[in-house]
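Peer 1: Okay, here's what each chain looks like letter by letter:
Protein chains: 2
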Amino acid sequence: MLKPEIRSEIELNAKQNIQNKKISPIDQYKEAVHSRPTLLFRQVYNYLIEKLAQGTWKEHEKLPSVRSLSEELHVHRLTVFKAYQLLKDTGRIYVKEKSGYYAFPMTKKEYPLPNHLEYHPPENFLLGSDQYSFSQALVDPTLLPNRYFSEYAKKVFDIYPKVLSTYSSVQGDEELRSVLSVYFANTHQLYLEPDNILITTGAQQGIDLITRAFVRQGDYVLIERPTYHAAITIFEDQGAQLIPIDIHAEGYNLAAVEEQMIRYQPRVFYINPTFHNPTGHTIPASQRKKVVELAEKYQCLVVEDDSFRDIYFGDTAPPPPVASYDTEGWVVYIRSFSKYAAPGLRIAALCTHSPRMNALMNYKYRMDNGAPLLNQKVFLLYLASERLTGHLEKLRTALCLRKEAMEQELYQAGWSWDSPKGGLSLWVKLPAFAGDTQSIMERCRQNNVVFSPGIAHDSLRQMDRYIRLSYSFMNEDQIRKGMKILIEAVREGHQDVTDVP
Amino acid sequence: MLKPEIRSEIELNAKQNIQNKKISPIDQYKEAVHSRPTLLFRQVYNYLIEKLAQGTWKEHEKLPSVRSLSEELHVHRLTVFKAYQLLKDTGRIYVKEKSGYYAFPMTKKEYPLPNHLEYHPPENFLLGSDQYSFSQALVDPTLLPNRYFSEYAKKVFDIYPKVLSTYSSVQGDEELRSVLSVYFANTHQLYLEPDNILITTGAQQGIDLITRAFVRQGDYVLIERPTYHAAITIFEDQGAQLIPIDIHAEGYNLAAVEEQMIRYQPRVFYINPTFHNPTGHTIPASQRKKVVELAEKYQCLVVEDDSFRDIYFGDTAPPPPVASYDTEGWVVYIRSFSKYAAPGLRIAALCTHSPRMNALMNYKYRMDNGAPLLNQKVFLLYLASERLTGHLEKLRTALCLRKEAMEQELYQAGWSWDSPKGGLSLWVKLPAFAGDTQSIMERCRQNNVVFSPGIAHDSLRQMDRYIRLSYSFMNEDQIRKGMKILIEAVREGHQDVTDVP
Chain A
1 MLKPEIRSEI ELNAKQNIQN KKISPIDQYK EAVHSRPTLL FRQVYNYLIE
51 KLAQGTWKEH EKLPSVRSLS EELHVHRLTV FKAYQLLKDT GRIYVKEKSG
101 YYAFPMTKKE YPLPNHLEYH PPENFLLGSD QYSFSQALVD PTLLPNRYFS
151 EYAKKVFDIY PKVLSTYSSV QGDEELRSVL SVYFANTHQL YLEPDNILIT
201 TGAQQGIDLI TRAFVRQGDY VLIERPTYHA AITIFEDQGA QLIPIDIHAE
251 GYNLAAVEEQ MIRYQPRVFY INPTFHNPTG HTIPASQRKK VVELAEKYQC
301 LVVEDDSFRD IYFGDTAPPP PVASYDTEGW VVYIRSFSKY AAPGLRIAAL
351 CTHSPRMNAL MNYKYRMDNG APLLNQKVFL LYLASERLTG HLEKLRTALC
401 LRKEAMEQEL YQAGWSWDSP KGGLSLWVKL PAFAGDTQSI MERCRQNNVV
451 FSPGIAHDSL RQMDRYIRLS YSFMNEDQIR KGMKILIEAV REGHQDVTDV
501 P
Chain B
1 MLKPEIRSEI ELNAKQNIQN KKISPIDQYK EAVHSRPTLL FRQVYNYLIE
51 KLAQGTWKEH EKLPSVRSLS EELHVHRLTV FKAYQLLKDT GRIYVKEKSG
101 YYAFPMTKKE YPLPNHLEYH PPENFLLGSD QYSFSQALVD PTLLPNRYFS
151 EYAKKVFDIY PKVLSTYSSV QGDEELRSVL SVYFANTHQL YLEPDNILIT
201 TGAQQGIDLI TRAFVRQGDY VLIERPTYHA AITIFEDQGA QLIPIDIHAE
251 GYNLAAVEEQ MIRYQPRVFY INPTFHNPTG HTIPASQRKK VVELAEKYQC
301 LVVEDDSFRD IYFGDTAPPP PVASYDTEGW VVYIRSFSKY AAPGLRIAAL
351 CTHSPRMNAL MNYKYRMDNG APLLNQKVFL LYLASERLTG HLEKLRTALC
401 LRKEAMEQEL YQAGWSWDSP KGGLSLWVKL PAFAGDTQSI MERCRQNNVV
451 FSPGIAHDSL RQMDRYIRLS YSFMNEDQIR KGMKILIEAV REGHQDVTDV
501 P
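These protein sequences, in sequence, are chains A and B. First residue of the first sequence: 1, per our numbering; consecutive thereafter. First residue of the second sequence: 1, per our numbering; consecutive thereafter.
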């Protein structure tokens, strides 16, 4: 039944591919991104996805064997096998050894990201004394150098009296980009021209820009598991197929990364290798170089989101970014800056080599025609001063104390987690006796405690035994109080369950 | 040859349409936007576009007759007729009465928008004394209340000392949205709740947001001809098919608008009805209500870009916006604000009714998670003061003088144009003897004069006998000097041509 359509479409795609000629290299790249032929196994996959969505197979019901499906669809068994593999890798089905493939209880659509994670809180999000937020990986405003920034902002108007009369260029203020290129060379072992830097309105805009410029409907994207929840949303919204790569305290299983690169020829590998959100893990220096080698070998763009580098505990700064090993231009580096100093400025730098820069600037132009100049100039003055270093030292100490307060509460409760050497959050495993996350969240919310559930950070929506607890937003006293409520809510839930006659 | 594929695809689409159920109204809307079946005539159109791109028919060569093509493709003659109609409406072919359809000399791809229009100039775009820019519809920074804004910015830090420590909400600062809702009611006859307003980083981001949320590859979009060049870029980039609607001093031909709405069921009608860019025309109040009625009747979203309302010459303010007639939520209103006061702030308001607001906020979240709070607060203080009115009065007078200086030069040269009653630019017809725009632009650039060519404002890329001259960026003296150079360059070109033996 499926066969004639598949065949004719493949023929059509092959024809279209031959017709691509006489175009510039950048257009060629774009064209290649746009016009990948729909592979046969992909069409079988789409066919199965639709069947799963229709409920053809119930939860935990067995799917047809590879052999029988290949006969039904008149395609090779290997084609069905690859389609099943993709369904497994994207969390739609699971395998039982020597038995076959089974449908997962929920399709993704029925299990969306929790709504409250979609948006940041409004500007009046300073909590009341009886409210405890562990869900926001934001720094407590009382820890930020607000007074200094008022001064810098006033100074900007003295130095650039017409700063509000003009636009920035699309790429961003040239002075700021020059200072950043020196800063990156001195501190990141990252050697960039100002033209390799694009100023974005926050790191999230960087991810969105890259996605619009380089990811098309149906493209594969490797993504860490767990990962930053907004990245999942942005890639999925573009129609990407997310292939998860587990991240551990020791880093990635690089053989598995290579295997998935061979299998799916992914367009992008999105990584957050330094004080990873949410786990806090840091990919060792030895693996960083190899990630770049894999990217070059399989022509997969590595998108390195480096938002937590500044927050390390102890004396040792983290290893240089993955981007510092890049010589062939296969890494796009996103460096959030204002997060730890003045989040309201929304300044991040996106670093990459031309001609990718041109494609990104085209979208930046459409999106907002360049970041507001005032914000860039305020940040420039701050970055050019010596105050950044002093502020970050104090901030690290304050955050470390908060982390320790949270860890003490968890330790006393007997919970388990990997203690991170940096970042803003703990990735905590719920105790075995805990009920489901949904009801824990509900009970916590009734007691004014919020946290981020594990499934929000998992493209497979399965990590429901984990929660992310951020220690950056509240002081030690609030953290201790909030944690006691949270731990009690989990215990109570357990009693509710065991009390049932 | 084409027939079996077309048939099976239509059947498939029909099936998919039936399967859309059990989804929320907003998802239903999204779904409908995404999954429009590819109509048969559209497939014939795509087939012909490909042939045209391949050069199957040379410039001005006749295409097959409707009858012969319908026989070749095994489709109804009306289907071929509709495909030809679309090719004609999108500027790919033209008709000779009683003869047939002919290929246009250039495909769009071979005639892209001029590169220099893609980006705004860098922040140091203040011109040297020997440079004359008529290409930027920006206000001369010396006409802007820079000193006041320095004061407001400093005041913001006194009133909100932690303004840089926090994010705005995705929708924008609530105080600013409240003040805007009062402002719109008092001055625009536009009655909105703060929740109907979304703060964007400039009007262009508003267009991009709407395009991402509501326009899909292949959707039809009605667009004025001529129009704002960035809007053409943004819609085309999303894969929209642009159907031009001529704009005249008297307004639109509403019968033609209705005809195109019936024919193409467009997703969006993008309009700039008040001191239209580039012509300066204003759609009369009597037509505004009818545009809304058509939008409701044919379920076509009207996107009203209202960037020039504040700049009127004489005593009469323009009629209320088209959006003020909207009762059913079929208009999205984009109001640029900072352009005439502090363009560097990049503040615009996008107004629409829920549930469209939700879809737009989803994209705003992905894009930048909300406009920077500092910029919104600075604008809030200015808007809440009485200074805006006083500033705009002075600005109108200054710009009117500049317009008159430009018009005097044109008048003396004997050129023709419609004198606008507001806005920042003149839409000028080149004299009959003038050479092609490309060489005029080249000669002007050698003499440090730049302007915006007509084709950049035309989705059909055909209005090469017009140019847009902005009078907002230079003072009268510079305008006179620059105009003399421009007019001389056109004359010289003429002599070059007539001098050829």
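Among the hints, erroneous ones may be present.
Because identical chains cannot be distinguished in the list, a pair is counted as satisfied if it fits within a single copy or across any two copies.
Claimed, not checked - Think about it this way: if two alpha-carbon atoms lie no more than 30 angstroms apart in a straight line, the pair counts; the simulated DSSO-like pairs of lysine-lysine are:
#1 Lys-88 with Lys-51
#2 Lys-297 with Lys-88
#3 Lys-481 with Lys-162
#4 Lys-154 with Lys-394
If you're looking for bench data, these hints aren't it; they were derived computationally from the structure.
Peer 1: All hints are to be evaluated individually against the structure, with a verdict given for each.
Peer 2: Structure-based check of each hint:
no.	hint	in the structure
1	Lys-88 with Lys-51	within (15 angstroms within a copy, 41 angstroms between copies)
2	Lys-297 with Lys-88	within (25 angstroms within a copy, 47 angstroms between copies)
3	Lys-481 with Lys-162	between (49 angstroms within a copy, 25 angstroms between copies)
4	Lys-154 with Lys-394	both (24 angstroms within a copy, 27 angstroms between copies)
When each numbered hint is compared with the structure, no violation occurs for any of them.
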